[in-house]
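There are 2 protein chains.
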Amino acid sequence: MTLESTTPTNARAAAIEARPLYQQTRDLLLKRIIDGVWKPGGYLPSEQQLCGELGVSIGTIRKATEDLVIHGLLERQHGRGTRVVPHSSAKSRFRFLRFVHGDGRPLDPVAHLLTQTVRAASAEERRQLDLDANGKVLALTRIRSEKDQPLVYERLALPAQTFAALGLETGEDIVEEVYVFYQERCGVTIMRTVDEVGLAMADALMAQHLGIAIGAPVLEVRRVAYALDGRRVEYRESFTAHLKYKTALE
Amino acid sequence: MTLESTTPTNARAAAIEARPLYQQTRDLLLKRIIDGVWKPGGYLPSEQQLCGELGVSIGTIRKATEDLVIHGLLERQHGRGTRVVPHSSAKSRFRFLRFVHGDGRPLDPVAHLLTQTVRAASAEERRQLDLDANGKVLALTRIRSEKDQPLVYERLALPAQTFAALGLETGEDIVEEVYVFYQERCGVTIMRTVDEVGLAMADALMAQHLGIAIGAPVLEVRRVAYALDGRRVEYRESFTAHLKYKTALE
DNA sequence: GAGTGGTCTAGACCACCTG
DNA sequence: AGGTGGTCTAGACCACTCT
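If you read the protein sequences in the order shown, they are chains A and B. For the first sequence, the UniProt record's numbering assigns the number 1 to the initial residue and increments by one for each residue that follows. For the second sequence, the UniProt record's numbering assigns the number 1 to the initial residue and increments by one for each residue that follows.
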């Protein structure tokens, strides 16, 4: 039975649809997560219930949810149920953190918000965030540190419209990832990020906050973050003098 | 039916085994790939045939092979069959290449082998490759370039024992990834790499080959590559002055 | 004990490729 | 036309968690 139209009633009919049934099912579950039908941390109905409600077999339900589990959106708990992964969970906290110490030790930083303004987007920000010429961004700068030692200077640009409700306090220390706030205060769930790591030279602000000389070489990470629905919702430039960027492939 | 012992004959009996049947099946297929029963580029028996031979249902076969497809070892071709991915295929060629041009354009480099020696492993190489105090490595240095423009200077260290049969020609230009040679000449298939990106300063050799000043800042990528069986089989240090390192998360 | 996800089976039909 | 992988079904039983 297809999940988009109304008539077909069996597998043969479903095959007439262009997209496989399990993909339709996956997208329907995804839509409910996006729409907040099931909140982060909340449990879905059991697989059996979903079978009945959606009119598909349990194998199809499992294949659909597996996709979302792989993408870090759902979490299966044997014997308990399947729930929407909250961004605040430890699993989620380190999901997108790629910085490590120079010797390879993992990092567990605190963020300190420096500035926060709403302004017209720069050309680069418009390009990265796919905004039009009148696009506005919520621009944040912050320092991420560990044990009062400043390690990363960051500039973030968020589409102002999407993040009108963010409301962070300048000067506040933030333990969680900002992705937690995006999710809790603005309903934006980050699904995927694309990073480019390169070289840069410290400008006056970086130098001041990182305690290095102006013009000193720094590692620059440019990140674009994508929401569940594929929209680009964050452009971030991170600068660090001593940390490394670590990642595993396949 | 279990794949390791001999007696059980149905699903109930298989459940007595500690590990799920599909994992045992996956590992058995993996072992055959490692042992060269099916060569890179060669086709496996059809799913139906595997069912019969291994005494498991088609669903179990599919779950097992799916695992290997995700890890980039097998490739399904609708209507043709399932084959072992050759490292020389385009898909495989760019699988572990993370460098891009400064403006984000993809890279398609040629490698030029500079030096090749067998020597005692350094402390760092022993640590990264898990070698003992007497460990020897095959050490290679090379330049990767595009249109005669040198872009990356690389030092590679390979456990000498494993790569006795490698036999590359110093001064030769190599279009393929060296991973192709590892696989074709030494039977070593790379499954996974872990990269750490940091800052460094150009030494005399890098400066000479990259056409930059001694002491100029460069991007340094340290990579450890893992073979199918989990052994660490390559430690690589790459240095570049102008390229970026690009990667997508989840 | 009741309910959940995890594994496994034994089929069916479809979509695709090759001869 | 025949064989391959891709999708889907309708069950069964197991392992785990909670009450």
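Hints are computed from structural coordinates only; laboratory data are not their basis. Hints are not guaranteed to be accurate.
To be verified - Cut-off 27 Å, straight-line C-alpha distance, at most; resulting in silico cross-link-like pairs (DSSO-like, lysine-lysine):
{"no.": "1", "chain 1": "B", "residue 1": "Lys91", "chain 2": "B", "residue 2": "Lys136"}
{"no.": "2", "chain 1": "A", "residue 1": "Lys91", "chain 2": "B", "residue 2": "Lys63"}
{"no.": "3", "chain 1": "B", "residue 1": "Lys31", "chain 2": "A", "residue 2": "Lys91"}
{"no.": "4", "chain 1": "B", "residue 1": "Lys31", "chain 2": "A", "residue 2": "Lys31"}
{"no.": "5", "chain 1": "A", "residue 1": "Lys246", "chain 2": "B", "residue 2": "Lys63"}
{"no.": "6", "chain 1": "B", "residue 1": "Lys246", "chain 2": "A", "residue 2": "Lys63"}
{"no.": "7", "chain 1": "A", "residue 1": "Lys31", "chain 2": "A", "residue 2": "Lys147"}
{"no.": "8", "chain 1": "A", "residue 1": "Lys91", "chain 2": "A", "residue 2": "Lys31"}
{"no.": "9", "chain 1": "B", "residue 1": "Lys246", "chain 2": "B", "residue 2": "Lys39"}
{"no.": "10", "chain 1": "B", "residue 1": "Lys91", "chain 2": "B", "residue 2": "Lys63"}
{"no.": "11", "chain 1": "A", "residue 1": "Lys39", "chain 2": "B", "residue 2": "Lys91"}
Item checked: Pairwise hint evaluation, Lys31 (chain A) against Lys31 (chain B), where the allowed Cα distance is 27 Å at most -> violated, 41 Å
Margin query: Run the distance test for Lys246 (chain A) versus Lys63 (chain B): straight-line Cα separation, threshold 27 Å.
Written below: violated, 31 Å
Notebook entry, point to check: Are Lys91 (chain A) and Lys31 (chain A) close enough, with their CA atoms no more than 27 Å apart?
Noted result: Status holds; Cα separation ~23 Å.
Item checked: Agreement of Lys91 (chain B) and Lys136 (chain B) with the hint, judged by alpha carbon distance not exceeding 27 Å -> At roughly 32 Å apart (the allowed maximum being 27 Å), Lys136 (chain B) and Lys91 (chain B) break the hint.
Next item on the list: Measure nothing beyond the straight line between the CA atoms of Lys246 (chain B) and Lys39 (chain B); if it is 27 Å or shorter, mark the hint as holding.
Entry: violated, 31 Å
Notebook entry, point to check: Given the proposed pairing of Lys39 (chain A) with Lys91 (chain B), does the C-alpha separation stay at or below 27 Å?
Noted result: violated, 38 Å
Notebook entry, point to check: Does the alpha-carbon distance linking Lys91 (chain B) and Lys63 (chain B) stay inside the 27 Å limit?
Noted result: Holds, at roughly 22 Å.
Next item on the list: For the pair supplied as a hint, Lys31 (chain A) and Lys147 (chain A), confirm whether the alpha-carbon distance does not exceed 27 Å.
Entry: Roughly 41 Å separates the two Cα atoms, so the pair is violated.
Note to self: What's the verdict on Lys91 (chain A) and Lys63 (chain B), does the C-alpha distance respect the 27 Å limit or exceed it?
What the structure shows: This hinted pair holds, its Cα atoms lying about 25 Å apart.
Next item on the list: Measure nothing beyond the straight line between the CA atoms of Lys31 (chain B) and Lys91 (chain A); if it is 27 Å or shorter, mark the hint as holding.
Entry: Violated, at about 32 Å.
Next item on the list: Decide if the proposed pair is consistent with the structure: Lys246 (chain B) and Lys63 (chain A), CA atoms, cutoff 27 Å inclusive.
Entry: violated, 30 Å
This entry does not satisfy hints 1, 3, 4, 5, 6, 7, 9 and 11, going by the numbered hints stated previously.
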